[in-house]
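K.L.:
The chain contents come next:
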Amino acid sequence: MTAGDAAVRLRVPASLRTYTGGSSAVDVALTELGDKPTVGGLLDHLAVTHPDLERRIRDEQRRLRRHVNLFLGNDNVRDLSDQDTPLAAGVELAVMPAVSGG
Amino acid sequence: MTTLLMIGTRKGLFLARSDDRLSWSLDGPHFAMTSVYAAAIDPRPAASGGSARLLAGADSEHWGPSVFRSDDFGASWQETEGGAIRFPTDTGEALVRTWQLRPAGADQPGLVWAGVEPGALFLSEDGGETFSLVKSLWDHPHRERWMPGGGGLCLHTITPHTTDPDRMLVGVSSAGVYRTDDGGRSWEASNTGIDAWRAPDQHPEFGQCVHKFDGQRDRPDQLFLQNHGGVYRSDDFGATWSAIGEGLPADFGFPVTAHPHRAGTAYVYPLVKDEHRIPPEDRCRIYRTTDAGESWEPLAAGLPQERTYVSVLRDALCTDDSDPAGVYFGTRSGEVFASADEGASWMSIVRHLPDVLVVRAAELP
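The listed protein sequences correspond, in order, to chains A and B. Take 1 as the starting number for the first sequence in my numbering and just add one per residue. Take 1 as the starting number for the second sequence in my numbering and just add one per residue.
It cannot be assumed that every hint is accurate.
If you only want the chain A side, here are some residues facing chain B, beta carbon under 8 Å, derived [to be verified]: (1) R56; (2) D59; (3) R63; (4) R65; (5) D82; (6) Q83; (7) P97; (8) S100.
Only part of the chain A face toward chain B is listed, based on derived beta-carbon distances under 7 Å [what the hints assert, rightly or not]: (9) P51; (10) D52; (11) R55; (12) E60; (13) Q61; (14) H67.
Please keep in mind that the hints were generated in silico from the structure rather than gathered at the bench. Cβ atoms here follow ideal geometry from the backbone N, Cα and C, with glycine treated the same way.
Please construct the entire structure, taking both the sequences and the accompanying hints into account.
P.N.:
Laid out in structure tokens, this is it:
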């Protein structure tokens, strides 16, 4: 399954599905993200529609949390343009907790 | 009557219950894979026909911090959509951890204080559902020169005066004690008499590494304080402090708790300073004073007395509010001890938990 031509998809790990009603993904129509859809724009949208999910990905200053990674395909958005990374129709953005802890 | 003991650990919150404070049941962990540094039992809603409210500050290494609340003794938990504690955008800061949740007095229903990292004080007027930054302390001119302690720059202690709602003390590591006498509109450093450990100036206005302090209902101006080095007492609600560690085997340690209703009585857990941080003589002993620090007695009955190296963190020692008072402490090795007779004897009520970060106890109405 893909997000479809007119949407982007955020894939969420099991530990965050409490905040998506149990769903493994949230699809957002591109029309919701303005003329130039970006990672940051998607997260801004989620701050309204899924605030408990968004604040686990970003802090209140809208910075990505230190041990949270967002992958666009095989690329960590931190290695692209961070939250300014553009999103195209049909792409999937995956939330992945960093490997850490004891 | 049931006594509830909240046990916050590095991997979640556990709840212990007992009808006689001798036999305990345990459930948890709640909030798996979070560190629970802050816990509180707020009895005030029960006075107006509700249920006591439990509050917990839990932070995930991945997903950040949250404040949870329960009005059914932990059967279910709620959190505030979007987060209960959030720094205003113009501060440029983000909440790292909630270190302390402190309900105010019975005459201020709904008012809950929160101490956080980075060092700041927040206030809730709706029982812990939403909080706002106390700007007067955030804007204090000292704040830019506050230095973080080993646990980070955290506001970890909040002690409202028990009879005057305008007066309160807070403790910040390692900035020291700050005091308000006007309901939080203004603050001043309140460290007179407390040594600054490893500082060129032994008596600066601020910069002391205060670990914990606590006060009592029956003598509201009296406080006991455990500093990085030194145990102190104040008889004027923090205006001045006097060293009272003379009778202890070591004056280093983290927690201190005052007896809930017996003036002059307090408990500490001494550690050999500072390079060792293990109990003196390798014995696990709580020390109690009943004369405001003039003398101390070891309390060891039921505690391990051979080759014991456990330490107790700043919020991992508490009392309940019963008479006789129960006393509780949890260790970094995950064991919780309880005394139903004010410390005269102890029993291990749970072992093999993750590191214990905080304990809070109360008799449920």
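K.L.:
Sort out which numbered hints this structure fails and list those numbers smallest first.
P.N.:
5, 6
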